[in-house]
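This note's numbering runs 231 ahead of the 1-based position in the sequence shown.
Think of the hints as simulated: they come from the structure by calculation, not from any bench. Note that beta-carbon positions come from the ideal geometry of N, C-alpha and C, so glycine has one too.
Cβ pair distances, simulated, as ranges:
#1 Asp301 to Arg363: 24 to 30 Å
#2 His235 to Asp299: 19 to 25 Å
#3 Lys346 to Asp301: 18 to 24 Å
#4 Gly339 to Pro284: 20 to 26 Å
#5 Ser244 to Tyr272: 31 to 37 Å
#6 Asn332 to Gly361: 18 to 24 Å
#7 Thr280 to Met364: 24 to 30 Å
#8 Phe366 to Asp255: 18 to 24 Å
Straight line, CA to CA, 27 Å or less: simulated DSS-like cross-link-like pairs of lysine-lysine:
#9 Lys263 to Lys350
#10 Lys351 to Lys368
#11 Lys263 to Lys351
#12 Lys350 to Lys368
#13 Lys346 to Lys263
#14 Lys350 to Lys338
#15 Lys350 to Lys252
#16 Lys252 to Lys338
#17 Lys346 to Lys368
#18 Lys252 to Lys263
#19 Lys252 to Lys368
#20 Lys263 to Lys338
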Amino acid sequence: MSIHSYIRLPNRSVTISEARKLIDDYQQSLRKTGEQLNYPYNERAFPYTIHEPDNLGNGEWLYLSSNDPDYHLIRIGIGEEPSMGMNGSLMPYIEISLERNSTFADKGKANELAKYMAKKLQGELQLFNGRRMLFHK
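Starting from the given sequences, assemble the full structure and let the hints guide the process.
So this is what it looks like as structure tokens:
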């Protein structure tokens, strides 16, 4: 059974390419931190490679996989859900999923990435444990 975290975006839409760009920006900031520390920080702070599967048809998922035995897989997708308002509009979200064989280390890295993305997008983050963090103004 997989567990999920959501970044809900009440004031904007999002595409899978925007999510990919946010992950690339996150990696770049970690790389810069490593340069300042003169340490390969990016390899330890984000030990994943990004895969975009082309066999799913719609291309709405990214897979972050790792060769490190302490880490396994994080899955990131986008979608829309009905909003709480009466107007019947749809609210876009980013879903961050951990599979059954994902590790606690994956969960920690997924939480860090989700917080970064929610802050940049000014969204509402629902963590894996159900708690919410609001980053919108």
